[in-house]
Amino acid sequence: MNSYSPQSLQYEPRGFQSKALAVGVVCLIITLIELFLHPTQFFRSYLFGVVFWLGIGLSCTAILMLHHLVSGRWGFVLRRSLEAAARTLMWMALFFIPVVLGMRYLYIWTHPAAVAADPILQQKQFYLNTPFFIIRQVIYFGLWIVLAYFLTRWSGEQDKTANPDLVKRMRNLSGPGLAIYGFTVSFAGFDWMLSLEPHFFSTIYGMLFVVTEAVGGMSFITLVAYFLSKREPLSEIIRPSQFHDFGNLLLVFTLLWAYISFAQFLIIWSGNLQNEIPWYVYRINHTWATIALVLVIFHFAVPFLLLLQRFVTFRRQYLAWVAGLLFIMSILDLFWLMMPSYEKAGPQFYWSDWLALIGLGGIFLAIFSSQLKRKPLMPLHDPNFVGVLQHE
Amino acid sequence: MAKRPIYGVMAEFNTTKDVLHAARRAREEGYRRMDAYSPFPVEGLSEAIGFPHSRLPVITLIGGLIGCFGGFFLQYYPNVMGFPLDIGGKPFDSWPAFIPITFELTILCAGISTVVGMIWLNKLPTPYHPVFNVPRFQLASQDRFFLCIQSKDPQFEIDAVVRFLKDLNPREVNVVPV
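Sequences listed follow chains A and B, in order.
With the numbering used here applied, the first sequence covers 1 to 392.
With the numbering used here applied, the second sequence covers 1001 to 1178.
Since the hints were made in silico from the structure, they are not lab data.
Heads up, the beta-carbon is just placed ideally off N, CA and C, and yes, glycines get one too.
Wrong hints could be hidden among the right ones.
Just a few of them, taken from the derived set where beta-carbon distance is under 10 Å, the chain B residues facing chain A [unchecked claim]:
no., residue
1, 1057
2, 1084
3, 1088
4, 1094
5, 1096
6, 1099
7, 1100
8, 1103
Model the full structure from these sequences, guided by the hints.
Here you go:
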């Protein structure tokens, strides 16, 4: 058995963090120009970026809790990266404040005149109104931050004291934590995205949003594991069999995404009802149809067939390519879910959409990197992790 | 005196370590046609004896594709070609409605072909197998590990194989008659 010292498992950003921060700040400042020129477009772009990067942090928290519950070798090597991603939520919550400030540009139901003229919006007003929206956001972020804080704090204490009770405590939090996660993220999906088109409703939408985020989060964390495993000594710890596990998880999330997306489509398509069907009419006609088709092929068919192949999942480089594809596709998926609410005729290229995404991404990665270097990259004192190292 | 035909030479081992070591050594020595028997799966043993890749995934894929296209055609033919009916003004070729049954039939056919293919590739049922001519072989389902080098190996030469296996710390080495 090899023994690793905490020092040898220290993550070195090597300039990555400051570069990410610089790119992020510069892109966001340029995007701010749009706030003065076209505020509506600015908030649309900003919401797109912030929802995507919040989703990465959220789904990583969920995967972390999942691993506390089910255990398994794959999760020990990911735990520190998942924790770092979970801790980004504490900072990314600040970046959600502009969305609340710009609500009236984004959501039609914030305008009293529009509500007064629309009986459906009147019926939904008990839920879709500005004060309740803000209260809900406070509750969501409060719960998420509490979960992320305690999971990472106990894990850090466990690393110092090697106290096995803390392992149990993290497991006990993760059970209710996952249930809370499921509820809050579903409702966050309704609030942030579904209510952009308040006439549309779909009960499975929350689940779809959770899974969309999970594909993004899992592919992000697979890419992180790939880049970390390029260097010693992690190249010895994160083995091909672990990449095989990551590949299987990606496969599961991809299948679930396809299943739920199609389930929603089939039910709404069959029902063909006046309030529901327009949501799909925009999304599968005109140029949006091209994006829908790209999603079917590259978010489902191609990764599905590749991830079934052992020669792909056992080779970290090939798997990293598939994860990269899925990461880009989950951005496109969010784009396709969100943007047709504004642009019914077809996708438009707005530079601010992509600058906001890159800007918030740079900030996200800088926070992620600063959190990742706080602890050794492996949970060396977790009683179960010792077994992981011994096996090889 | 005519030599009795033999199936191979079998060595019995007490531990997984021994059988793994023996299998690796036998492969280094150039033996290819061999099989190992153990009461539970031993990690690395199938790689050590050079177990060929299973053809089962291909059988599953073929079964799945038959189910997929068959299931789709099962609905496409009557709805579009055989007996088109106007249902709620929907187009005859309403493919989204065909997907659930296509999906289920894909899974069903892939599943059945996997089970049938597995039985076929395992050569089940096999009422007679020469390894049982060694009386102690029944211990393979209890606590002993066996490695059998088969006589169809091109390098097979009975005395050399017996001598080779005896060097590997076996409990017993037996010649297996056909």
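Results of checking the hints against the structure:
The beta carbon of residue 1057 of chain B comes within 8 Å of a beta carbon in chain A, closer than 10 Å, and the hint placing it at the interface holds. Because the beta carbon of residue 1084 of chain B sits about 18 Å from the nearest beta carbon in chain A, more than 10 Å, this interface hint is broken. Here the hint on residue 1088 of chain B is kept, as its CB sits about 8 Å from the closest CB of chain A, short of 10 Å. Given hint, residue 1094 of chain B at the interface with chain A, holds; its Cβ is 9 Å from that chain's nearest Cβ, closer than 10 Å.
Given the 10 Å rule on beta carbons, the hint for residue 1096 of chain B holds: about 5 Å separates it from the nearest Cβ of chain A. Residue-level restraint check for residue 1099 of chain B holds (minimum Cβ-Cβ distance to chain A is 7 Å; threshold 10 Å). For residue 1100 of chain B, the interface hint holds, the least distance from its beta-carbon to any beta-carbon of chain A being 7 Å, beneath 10 Å. Contact between residue 1103 of chain B and chain A, as hinted, is supported at the beta carbon level, the nearest pair being about 9 Å apart and thus within 10 Å.
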